[in-house]
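> Single-letter residue listing:
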Amino acid sequence: MAQLRSRFARSAPGLLFFLLISAGTAWAQQASYSPPVNYTQQAAKTLTLAAAAVAIALTCWVLAARRRRLAAFQSRLALFLGVCVLPLPVMLMSTAVGLEQAKAVEFCSSCHVMKTFVADMKNPASASLAARHFQNRYIQDDHCYTCHTDYGLFGTLQAKIAGLGHIWQETAGTYRLPIRAKGGYHYSVCLNCHGLSNRFNRNANHRRVLDKVLSGEAACTSCHVLSHPKPAERSLP
Amino acid sequence: MTRAEAVHPHDKLLVASGILTLFGLGLAILYVLNSTPYTMVAFLALGQMTIVVAGAIFVAVVLWDLKNRIHAVVEKQFAAGETVFRQGDYPDRLYLIGAGEAEAVKTAPDGSEVPVARIKEGEFFGEIGVLSNVPRTATVRAVTAMKVLSIHRGYLDPLMTYMPGWKDRIIDEYVQRKARDEERH
Numbered sequence: 001m002a003q004l005r006s007r008f009a010r011s012a013p014g015l016l017f018f019l020l021i022s023a024g025t026a027w028a029q030q031a032s033y034s035p036p037v038n039y040t041q042q043a044a045k046t047l048t049l050a051a052a053a054v055a056i057a058l059t060c061w062v063l064a065a066r067r068r069r070l071a072a073f074q075s076r077l078a079l080f081l082g083v084c085v086l087p088l089p090v091m092l093m094s095t096a097v098g099l100e101q102a103k104a105v106e107f108c109s110s111c112h113v114m115k116t117f118v119a120d121m122k123n124p125a126s127a128s129l130a131a132r133h134f135q136n137r138y139i140q141d142d143h144c145y146t147c148h149t150d151y152g153l154f155g156t157l158q159a160k161i162a163g164l165g166h167i168w169q170e171t172a173g174t175y176r177l178p179i180r181a182k183g184g185y186h187y188s189v190c191l192n193c194h195g196l197s198n199r200f201n202r203n204a205n206h207r208r209v210l211d212k213v214l215s216g217e218a219a220c221t222s223c224h225v226l227s228h229p230k231p232a233e234r235s236l237p
Numbered sequence: 238m239t240r241a242e243a244v245h246p247h248d249k250l251l252v253a254s255g256i257l258t259l260f261g262l263g264l265a266i267l268y269v270l271n272s273t274p275y276t277m278v279a280f281l282a283l284g285q286m287t288i289v290v291a292g293a294i295f296v297a298v299v300l301w302d303l304k305n306r307i308h309a310v311v312e313k314q315f316a317a318g319e320t321v322f323r324q325g326d327y328p329d330r331l332y333l334i335g336a337g338e339a340e341a342v343k344t345a346p347d348g349s350e351v352p353v354a355r356i357k358e359g360e361f362f363g364e365i366g367v368l369s370n371v372p373r374t375a376t377v378r379a380v381t382a383m384k385v386l387s388i389h390r391g392y393l394d395p396l397m398t399y400m401p402g403w404k405d406r407i408i409d410e411y412v413q414r415k416a417r418d419e420e421r422h
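Chains as they are written, first to last, in the numbering used here: chain A, 1 to 237; chain B, 238 to 422.
In isolation and in its complexed conformation, chain B is listed as follows:
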């Protein structure tokens, strides 16, 4: 079974900024070609605002992405019971557990949660979504207080190139978990 590709929430914002810009520019062209009181008010009140908002959205997205790239590898802490990510979320990061334990659960169609894996210290999770570019296939929650190394997906390629040992581990684990995941389907 093939899953739909994961769409970054930022992509939706970028599309929205593009559409807003087209709307604003359309009003600007209308105003320049046919200056009437109505096109004037439409452009000055609505067109200019949409162009400014669209630009602000674009800049915010770029800055947010930049911040994520700057913090490509960060250590994070989760309290027991805290959710790391939810099933269906955009797969932006891979996690390596430094201390503690996590549990992966799948949400059944009836809404109940089915445990599918227990992830221990030294293991990683979140690789299926990152490597396949599909939405998160399960919800991961900290069972105990947990320390993880959170790695941005954009940083994964260079990391695997410079650390071939990691690459083998991640790929092996990815293949096994993906096979198990597909069996469940």
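Same shape as in the complex, but just chain A:
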């Protein structure tokens, strides 16, 4: 009996640790679902901020503590690192990180005129295409960007250039209401996901009009009209 008791006493800490870890894991899984983290972006963001912080510290040190000794080697070296060397990766990485973050819905919805669109997309009662794609997670992330960027080599670049124009219009207030997509909506954006789906291809209507869509005589939006709120509902919030 005493032997059993001592064996239990020896294994008790391990058992307790196991129970705690199991309970913690179960609680964490139950508490909420966390979407996957983009570790590359997180790392780039952390590196950018760290490099910027070091550059700022070096520059401030020279400007504050060595203002009268700027010609000295240490001052020049610190300024060289703070002004020439470190800002270069900061500039490149922050551009990359920022452009990646600019794909997020929050980025698009930070423009006043887009708030109605995003509100509709997130509205469970809405029947618009955007809302249905969002509610059903047909697109996992970057919902606006995924549907409004042309595929191909220059798709992203074109989207960014057009985006700069949108920012200018938002800032200068030169946009016209209701907001409408400029030009037609190219079928390749829809077919990139739907084109190879069985559900899409089994649909008789789709099979009937596919040739017309591919030849440009018709567009996906000719039938699927309600992509966003109706123009009359696109007023400013």
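Derived from the structure by calculation, the hints contain no laboratory data. Beta carbons are placed, not taken as given, at the ideal position from N, Cα and C, and that holds for glycine. Each hint should be verified, as a subset may be incorrect.
Unchecked claim - On the chain A side, residues computed to face chain B include the following (Cβ under 8 Å):
1) L49
2) A52
3) T59
4) V83
5) P87
6) V97
7) C111
8) I167
Could you slot chain B onto chain A? The hints should help.
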């Protein structure tokens, strides 16, 4: 009377490049932490430009300094009436007259010029500013066509170490002229 220390014009440029960098990096951090269309435009249009300009200013200053150090001792020629340096300028060089004559004048508060010294062949000038690190105390102008040996201030220490005779002459002249200069004040 003590004078304010001379500040090299390049120092101001370096400070400007530092401030521009801080501004650009601030916009970069703002953009990374809070990506909105406005921070995006601010960083892409303004932040990147200031960072590039700041880097260019720093490189230009370093290259200019390097050029000055490479041309530490150069012969220069001045025509009669030409100004070598002005009162208040940064004292970057010491001059030794090889041929010709120069005149040192001080600018009075009313703007008129008062002659204070005549500097002849074999004599040097510009040592007060260089050795005391104060702005030029007088304007020096060539009276006749003049040839001078122009010596960069960074080269003065090794020059005086290797040529003790020069050192004595320069220091003696410096002490006398400085005393005269202070008497005038």
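> Under 8 Å is the threshold here; is the Cβ of T59 of chain A close enough to any Cβ of chain B for the hint to stand?
5 Å, holds
> Restraint: A52 of chain A near chain B, CB-CB cut 8 Å. Satisfied or not?
At about 5 Å, which falls below the 8 Å cut-off, the nearest Cβ of chain B leaves the hint on A52 of chain A intact, so it holds.
> Hey, does the V83 of chain A contact hint survive, CB to chain B under 8 Å?
Given a least distance of 5 Å, the restraint on V83 of chain A holds.
> For the restraint on V97 of chain A, tell me whether the closest CB of chain B is nearer than 8 Å.
5 Å, holds
> Interface hint check: L49 of chain A, Cβ to nearest Cβ on chain B, cutoff 8 Å. Holds or violated?
6 Å, holds
> Does the CB of P87 of chain A sit less than 8 Å away from some CB of chain B?
5 Å, holds
> Could you check if I167 of chain A really has its C-beta closer than 8 Å to a C-beta on chain B?
At about 4 Å, which falls below the 8 Å cut-off, the nearest Cβ of chain B leaves the hint on I167 of chain A intact, so it holds.
> Holds or violated: is there a CB of chain B closer than 8 Å to the CB of C111 of chain A?
6 Å, holds
Of the numbered hints stated above, none is contradicted by the structure.
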